[in-house]
Structure formats: structure tokens, C-alpha cells
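Engineer: What follows is the residue order along each chain.
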Amino acid sequence: MDEVFLAILLLVDATIRVATPLVLAAFAALYGERAGVVDIGLEGKMLAGAFFAAAVASSTGNPWLGLLAGIAASVALSLVHGFACITHNGNQVVSGMAINILVAGLAPTLAYAWFHQGGQTPLLPSSARLPQVHLPGVEVLSPIPVIGPIYREIFDDANVLIWLTVLVVIATHWVLTRTRFGLRLRAVGESPAAVDTAGISVTKLRYQAVIITGVLTGVAGAYLSTAHGAGFVRDMTAGKGYLALAALIFGKWRPWPTLFACLLFAFTDAVQVRLQGVPLPVVGVIPVQFIQMLPYVLTVLLLAGFVGKAVAPKASGIPYVKER
Amino acid sequence: MKRILAVLTLSVAAGAAPLATPAQAADEFVPAVVFDQGGKFDKSFNEAAYNGAERFKKETGINYREFEITNESQREQAMRNMARRGASVIAAVGFSQTAAADKVSREFPNTKFCLIDDKLELPNVQSVTFKEQEGSFLVGMLAAMASKTGKVGFVGGMDIPLIRNFLTGYEQGVKQVKADGEVITNMTGTTPAAWNDPTRGAELAKSQFGRGADIVFAAAGATGLGVLQAAVDAGKLGIGVDSNQNWVHPGKVLTSMVKRVDVTVYDCMKSAKEGSWKAGHRVVGLKEEGVGYALDENNRKLVTPDMEKAVEEAKQKIIAGQLQVKPYQP
Numbered sequence: 061m062d063e064v065f066l067a068i069l070l071l072v073d074a075t076i077r078v079a080t081p082l083v084l085a086a087f088a089a090l091y092g093e094r095a096g097v098v099d100i101g102l103e104g105k106m107l108a109g110a111f112f113a114a115a116v117a118s119s120t121g122n123p124w125l126g127l128l129a130g131i132a133a134s135v136a137l138s139l140v141h142g143f144a145c146i147t148h149n150g151n152q153v154v155s156g157m158a159i160n161i162l163v164a165g166l167a168p169t170l171a172y173a174w175f176h177q178g179g180q181t182p183l184l185p186s187s188a189r190l191p192q193v194h195l196p197g198v199e200v201l202s203p204i205p206v207i208g209p210i211y212r213e214i215f216d217d218a219n220v221l222i223w224l225t226v227l228v229v230i231a232t233h234w235v236l237t238r239t240r241f242g243l244r245l246r247a248v249g250e251s252p253a254a255v256d257t258a259g260i261s262v263t264k265l266r267y268q269a270v271i272i273t274g275v276l277t278g279v280a281g282a283y284l285s286t287a288h289g290a291g292f293v294r295d296m297t298a299g300k301g302y303l304a305l306a307a308l309i310f311g312k313w314r315p316w317p318t319l320f321a322c323l324l325f326a327f328t329d330a331v332q333v334r335l336q337g338v339p340l341p342v343v344g345v346i347p348v349q350f351i352q353m354l355p356y357v358l359t360v361l362l363l364a365g366f367v368g369k370a371v372a373p374k375a376s377g378i379p380y381v382k383e384r
Numbered sequence: 050m051k052r053i054l055a056v057l058t059l060s061v062a063a064g065a066a067p068l069a070t071p072a073q074a075a076d077e078f079v080p081a082v083v084f085d086q087g088g089k090f091d092k093s094f095n096e097a098a099y100n101g102a103e104r105f106k107k108e109t110g111i112n113y114r115e116f117e118i119t120n121e122s123q124r125e126q127a128m129r130n131m132a133r134r135g136a137s138v139i140a141a142v143g144f145s146q147t148a149a150a151d152k153v154s155r156e157f158p159n160t161k162f163c164l165i166d167d168k169l170e171l172p173n174v175q176s177v178t179f180k181e182q183e184g185s186f187l188v189g190m191l192a193a194m195a196s197k198t199g200k201v202g203f204v205g206g207m208d209i210p211l212i213r214n215f216l217t218g219y220e221q222g223v224k225q226v227k228a229d230g231e232v233i234t235n236m237t238g239t240t241p242a243a244w245n246d247p248t249r250g251a252e253l254a255k256s257q258f259g260r261g262a263d264i265v266f267a268a269a270g271a272t273g274l275g276v277l278q279a280a281v282d283a284g285k286l287g288i289g290v291d292s293n294q295n296w297v298h299p300g301k302v303l304t305s306m307v308k309r310v311d312v313t314v315y316d317c318m319k320s321a322k323e324g325s326w327k328a329g330h331r332v333v334g335l336k337e338e339g340v341g342y343a344l345d346e347n348n349r350k351l352v353t354p355d356m357e358k359a360v361e362e363a364k365q366k367i368i369a370g371q372l373q374v375k376p377y378q379p
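Protein chains in written order, with this note's numbering: chain G, 61 to 384; chain V, 50 to 379.
Hints listed in this document are in silico derivations from the structure and should not be mistaken for laboratory results. All of these numbers come straight from a predicted model, not from anything done at the bench. From the three backbone atoms N, C-alpha and C, an ideal C-beta is built for every residue, glycine too. Accuracy of the hints is not assured; some may be wrong.
Unchecked claim - Per the computed footprint, the stretches of chain G lying under chain V, defined by three or more beta-carbons under 8 Å from a beta-carbon of chain V, are:
1) 144-153
2) 172-182
3) 286-297
4) 341-352
Please work from the sequences and hints to get the whole structure.
Structural biologist: The following block contains the structure:
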């Protein structure tokens, strides 16, 4: 029994680790899309964040400077996106895709020029990685059944960015539903004309939204290269940006359902890892290929059968033009 | 879009490669290497090939051309480009290059090709495969002897027979020492992207540690770097692959299953230069020193004299043919 319980805890722990970058990226997109700016460039921004975080952490030895650099790079790309599709009313999908392609090539090239190790940064020593948070009282609580192991396995020794992500989720819910800024943000994604009529700048609001998107994707990237991993390698985001977008749609552009969707994707991934090569009752050992299909099959099933209609913010993807 | 990317990368590579002038003198000797996905600094398979090419360059002063594959569609283009621009001998590193090598070598019958990790029988192709199971057998024995829990892990890259070869040898080595020893196995993926996903490698290793493994063998190219890192983070031991990876985390890597891709690439270029190059297929194992385990100052303290003795004995037996290590596909 104990072993099963421990296995479940480890599974939950893995789910949280894998979900963290997805949650950050999905919430980043949530801000943008609720304000009417579609962001398909999450992948590229995360990758830029990951690269600059690892590069700066590697050359200065300070992961916090790395985190700042990652955020700065990602915000810069966000502003490019904003400039193209808020100021100049460009196509948001094209601009986002351009960012993805740009970074996919640029990051390895810069890495090659700076570190001469192919398209990678050097491996980071543990001092140049973002720390784990040790909670007090683990020894005291450990012997207590149920609570002890939960505290030890899940809450203790989590990365500092995981805690930050928890804060981001709560703060996002609060900002969107309880603050004036949140109300305006939602309004500008539904009916920018109404917001404009009320005398509030649509452009300013949308820029604020894409900057928040940039900050959060930068953190997500830094998590990949300096917290969960130890260094940048080419294409290390491996489609997580697109998965985060899927989670956002799956969660109908609302914070809690989006969080749930991210956790679900991460959970299927964590389960999938543990199912490999394990004989199951009745069916026996399932081939790796089938197991690795699971997350996608599950996604299709859920999207087709259980989610219902996902309605995007009305003005999402449409540039706001004052006079027609 | 892919094509534009490929062209861009090609032109970048051409700009970076020395001696890139298209008009080559016909008798000049120009070796070339096409690396596989993972990149030449993966500290593993491709880096071994890179080291071999570098050794040749150092000894002879002859520069070589190189190309790093980043997506599938580049393989053939890259190889054909090398051949067209007058490369004398092209080392194609990795089994994924087989189809491209097959096609391009027929188009350029006067260019010599060396294919590593797969069999290809053509008049201008030399192909080399390794008995990975023999080297893996030895590191499996070491893992079983060093393990305190009796459970050891294995993280493979792409799920292909070649990687299954590593696994099957590793399992036999573990069982040789501990009949009830358990090997927990994970494959990273089923596409070439599985060679370059350290985040996933780390996650797989962590799941194995959670299930009781305390040593993990990574046969997964650059993905393995994540596996070794996870082992360090968790206070466990990792086992490196292809290159000697003991130095990556000194004192935290039990040993490395060394595959002498460097020697193969070096020999290929050198023999082509000296004119002793021969086409045909070779299979190299412990006997030919094509595979082995790494012991140096970084892991000296982890391998006790008893362990070393046991492994050396097994090695001699395998070489003498007294001990058979079964491959994945007989």
C-alpha cells in the first residue's frame, strides 16, 4: 500500500515539474488572447528565454541574472510582435510564426558564436541553476502518515519557479476577475470599440498584455534551461508552446480550466513514462509507440467529446482599426 | 519553409567551413563529415566522430568539411553537396544516413563513403557496425556490482534495434552479476528528435529513481546529458555512452560504454588518404577494440579493484568466445 501511495506521490511530483512551463506559457497566452492578441509565437519566445537565461547564467554564474536576461529577451520579442500587429495592424499569426522561425535559427547560431559548442551552451553547474526551495520541518513531519510523505515528496524541494508559477496562477485569476485592469483587458478582447469609446487606449492595453506575455514566456524558458534542465540545447522547447496554446483553447481561455488542461497534459506524459515496459493486467506489455500516443489520443478524445464548444474572445486575432 | 531553412543553414555551414571554394583542384584530398542530429558537440556519439576527424586534421594538417543535420530533409542535400563540391571521402555518421548514403553513393561512384552504424554494400561504401551488446554487457556488470538496491535503469534514445542492442547487452551483464537484478527501461521517443531532448531524459531518469533504481545507463545521444544531470541532482550514478563521458560530472559517472566511432572516422580518412581504403562491411566488438568501458581518474574511486577484476575477466572470456553476449536481432 505504502509503495503504491509513494508511486502516486512521485507521479504527482513529476506532473507538477512537467506542467510548470506549460502553465507559464498558457497563462502568458491567456493575457494576450484575452486582450485580443493571438500569440502563436510562444514557442519562439520560450526558446529565446531559455537560450538567454542559460547563456547569461553560464557566463556570469548567476541564475537570477539569467532569469532576467531570459525575460528581457522574451519581452523584446513580444514588443516586436506588438509593434507588428498592434501598431501596424499586421497579421498576428504571421508575426508569431515569424518569431518562431527566427528564434529557432538565431538561438543555436548565437550559441555557436559565443560558446563554440555547436548550438548549445555549456552545461551549467548547480550554482548557476535556479535553486530548489527547502521547506522547514521535513524531518518533524515525515513520520506522520499521509501528510508526512505528501509534504516531503511534493512540497519540499520544489524549484523556486514552481512556487512562482503557483503565484502566477492565483494572481491571474485575481487580476482578471477582481481588478479594473482585468476587466478592461477582457473588454478589449471582446469589443475594443466599446473600450475605445469609453476613452481607454486600446493600443496601450494591448501592449501591456503582450509585455505580460513576454515576461511569463521568459520565465517558462528560464525554467527549461536553468531550473529543470542544465543548459540550452537546440529546439529544447520541443513543441511546448503549441501544447500550451492547445491547453488554453481546451481551457476556454479561463484560468482554472487552463491550469487543469496543462496538468492533464503533464499527467498523461508522466504516466506514459511510467507505463513503458510495465506489464499491465490482461493486455501485457504495451509497445512504446502506443504508449507515446496516449497524450495525443486523450487530447483528441477530450476535445471531441467533453469540452464542448470553445468560444474565443470575440476580437481575438483582429487588429483594432479606429476608423473604417 | 523547410527548404528555405535548409538553404539558409547550408549557406551558413558553407560560410563557416574552411576551404569552401567550389573550384577544387581535382587531385586535392578533401575529407568530409556529415554529423547526425544531436550535433557534433553532443559529448557522445557525434562528438566521437568529431574527435576522430579532428585527430586526422591535427596529424595531417588537412582540413575537413562538415555538416550538422538539423532536420530530415537536409541529409541527402548535404551529402550530395559535399560530393559535388569534390569531397574525396565522406563519413556519414549514424544509421539515419543510410538511405541518403545509398542514393548519393550511387550518383557519385568515384567518391568514397564511410557509413557508421549501418550496413550498406556498394563498391564505393565502407560500412561499420559495432557490437554494442558486448560493451554494454561490461557496463551492465559494473552497474549491478555498484548498485545497492539491485535495480538499475536504462534510458534509450530512439526506439530502434541498435539501441535495443545496448539494452539487451546491459541486461545480460546485470543478470550475470545478480541473477535477480532488475533493469527498468525507458525509451525517449520514436523519432530522431529523441536524440536531443535532455529535459525528457531527466524526467525519465527521475521516474526510474522513484522506482528504486540507483544507477542509470543513458544510450541516448544528447538526451543522455539530461539523464546524467538528473543522476547528479538525485545523488545517484549515471553511465555515459559512445564517448568517454566520465569527465562530464567527475565522480558521478560510474563509467562509459565507449564506442570507438572516433577511431573509425580517423581510419576511414587516413586509409583513404594513403590509398589503403577498402569498401565492404565490418563488424567490430571487444576483440577489435571497437567497444569497451572507460576507466580514468574521474571514476577511478567508483570502480573498486574487485569490480575491475570481474569485468576484465568477463572481457577476456568474451574475446576468447567463451562467453556469448546475444544481440537484439541474431
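Engineer: Determine for every hint whether it applies to the structure shown.
Structural biologist: Now the hints, each set against the structure:
1. Restraint check on the region 144-153 of chain G versus chain V: 0 residues with Cβ-Cβ distances below 8 Å, three needed, restraint violated.
2. With a cut-off of 8 Å between beta carbons, the region 172-182 of chain G has 4 residues touching chain V; three or more are needed, and the interface restraint holds.
3. Coverage of a stretch by a chain is defined here by at least three residues with a beta carbon nearer than 8 Å to that chain's beta carbons; for the region 286-297 of chain G and chain V the count is 8, and the condition holds.
4. Evaluation of the coverage hint for the region 341-352 of chain G: fulfilled, as 3 residues show C-beta separations to chain V shorter than 8 Å, against a requirement of three.
Figure legend: structure checked against the earlier numbered hints; the only hint not met is number 1.
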